Amino acid sequence: MDLFLNLVASGLVIGSIYGIIAIAFAIIFKTTGVLNFAQGEVMMLVAYTSWSLATSLALPFWLLVPVTILAAALIGVVIEFVFIRPMSGQPVFSIVMVTIGLAITLRSLIIMIWGPDAAPFDASVEGGLIEIGPVVLFSEQLFALLLFCAVSAAVYLFFRFTRIGIAMRATAMDETSALLMGVDVRRISSLAWAIAAVVSGLAGVAFAVMFARAPDMWFQGLQSFPAAILGGLDSPLGSGAGGLIIGVIAALSEGYIGHGLKEISGFIVIIIVLMIRPYGLFGEKELERV
Amino acid sequence: MRTRHFVETYEKHVSLSHNPVTWSWALLLVLALALLPMVASSYLLSLATTVGIAAIGAIGLNILTGSTGLISLGQAGFLASGCYTTGLLIADYNWPPELALLMAGVVPALLSLLVGVPSLRLKGLYLAITTMAFSFIVTHFLLYAEGITHGPYGVRVEDLNFLGLDLATTTGLYTLVLVTAILVTLMALNILRTRVGRAFTAIRDHDIAARVMGISLVRYKLVAFMVSSFFVGIAGGLMAFQFRFINVDIFNVLLSIEALAMVIVGGLGSVAGAIMGAVFIVLLPEATREALDLLPTGVNNMLSTYIYEIRGLLTGLTIIIMLRIKPQGLVGLWRDVQRYWTQWPLSK
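These protein sequence lines map, in sequence, to chains L and H. Counting in my numbering, the first sequence runs from 1 upward without gaps. Counting in my numbering, the second sequence runs from 291 upward without gaps.
For the record, the hints were derived by calculation from the structure and aren't laboratory data.
Every beta carbon over 10 Å from chain H, so not counted as near; a handful from chain L, in silico:
hint, residue
1, Gly133
2, Cys149
3, Val185
4, Arg187
Which stretches of chain H does chain L cover? Using the computed rule of at least three CB atoms under 8 Å from a CB of chain L, they are:
hint, stretch
5, 402 to 413
6, 417 to 427
7, 430 to 442
8, 549 to 557
9, 613 to 625
Please read these numbers as outputs of a predicted model, since none were measured by experiment. All residues carry an ideal CB built from backbone N, CA and C; glycine is no exception.
Start from the sequences, fold in the hints, and give me the full structure.
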């Protein structure tokens with residue numbers, strides 16, 4: 001029983017990272033209809049930038065987080081402006097291809113700038129081991145869980161109550177009507193990229209603090225696809241929940257079955273889910289009219 | 291100025307080319323490629339072999355992604371299954387290489403049904419992710435099912451004799467790849483001009499409209515998957531002959547993306563485009579290496595540590611730039627040049 005609970009806990013921890021990245025996928029997909037294959041790389045870029053800030057300026061952690069958020073927003077806006085904005089009006093297929101190209105471009109650039117070696121993220125969270133009943137967690141792991149809760153709550157409140165959040169939902173629903181109602185649709189797209197970069201960047205920092213900032217961090221982006229699909233790409237909170245589910249499944253299958261199932265259990269799950277419910281567990285079914 | 295061709299009969303309309311000049315150019319190209327081993331160095335020849343294998347794979351992917359509009363990010367999985375089928379059948383079961391190469395097409399074609407069936411309900415991005423998931427599962431299986439696949443130890447293919455061709459020599463392998471590439475090209479061109487090929491295009495342009503016109507989506511999407519992965523699997527089988535030591539590491543995400551890059555850079559939906567794209571993407575890192583050699587030694591040494599990253603960077607940037615400035619790909623560029631040339635004094 002203790003093993004089970006500990007596996008579930010570590011599954012929830014890695015699942016919260018998947019979940020946060022999946023929320024970032026969903027934010028961009030919901031507002032612009034584009035699946036950003038470069039989200040994992042954006043996350044990695046933010047984490048590396050944050051690492052450089054932390055080591056060169058020796059910022060305390062409470063100051064590092066807001067600085068990272070600012071840097072991430074800037075990164076998101078710049079990427080959207082340079083790579084995505086010029087493609088507006090092109091078919092979604094082309095824009096998605098651009099994000100695939102962007103993914104390997106960013107990945108290579110990051111390794112060329114920061115070098116191929118992993119490095120520990122020193123700005124760690126104080127606290128050491130924390131025992132909750134039979135479950136033992138590091139404070140860094142608890143930080144990831146708390147971050148997930150905070151991000152989910154913030155995203156929910158943002159889309160539900162703020163003026164910009166409502167404008168983003170309106171754009172997602174019908175771009176032309178939103179434009180006629182006075183929504184600046186172009187700004188919405190860059191805003192979506194900025195928010196997604198911030199959200200996934202925080203996941204990147206949490207991940208780097210737990211393990212290290214390493215050149216294979218981008219793979220977390222691919223690992224989060226199953227989460228986003230499971231929850232439905234157009235539902236940020238559903239994607240977040242999908243992340244937790246995938247994380248727990250991965251941890252349990254690794255703990256009880258082994259054979260490296262951790263890495264692919266998510267993919268097996270989504271192939272099954274997509275066969276049964278093609279739009280994810282929480283996604284909306286699209287009606288097609290000719 | 292030349293006038294356009296005016297096609298009068300249906301046969302002419304669907305023929306590969308009604309222009310004898312095109313045929314003679316194509317024959318000349320094949321002849322030149324066949325004579326290449328006489329003049330080229332063995333380095334150049336092995337590069338040409340790589341290009342040929344890539345072209346076969348790109349033609350296969352192009353049928354699926356370019357002609358039928360089903361995005362696949364799982365080419366590494368199909369290539370790996372073809373490559374391992376050939377390798378294992380030869381190394382462990384002593385099959386003749388001719389039959390093993392054929393099975394390299396058949397096994398991925400059957401496996402593609404696993405992805406093809408969900409594709410009937412999935413569209414676009416969801417399908418792309420399913421195919422990616424498929425490729426992860428395939429490589430994972432290859433790595434962990436040690437009893438069948440030798441797992442992390444890889445498969446060694448000994449020197450082979452394929453229909454009298456000695457595959458240990460670069461010339462033998464090159465000849466085999468060239469003949470296969472020509473056969474695959476002709477097969478793809480012919481499939482695309484039949485009822486099946488037109489059904490693919492109709493599904494790509496609007497699947498609901500296609501269904502209304504009486505095209506069975508189930509049947510043709512599955513056919514597209516099977517034909518495509520048959521060709522891709524053959525390319526994988528040839529890779530087994532080329533590398534002679536098969537390891538699961540080469541079948542990674544970058545390979546799938548490079549395959550997609552070939553199809554995009556060449557021009558979606560065109561066989562000639564797929565070949566041009568394969569040539570371009572394979573030669574790109576080689577050309578870069580040559581260019582790096584021209585730089586001063588210090589810069590060169592620094593950059594050559596990151597040769598793998600430079601390769602990724604160039605592939606990525608090529609995709610982005612091509613999609614922005616010329617979405618029709620190299621084949622579109624080629625048509626523009628042709629048009630400019632034939633209409634010269636009046637061309638705009």
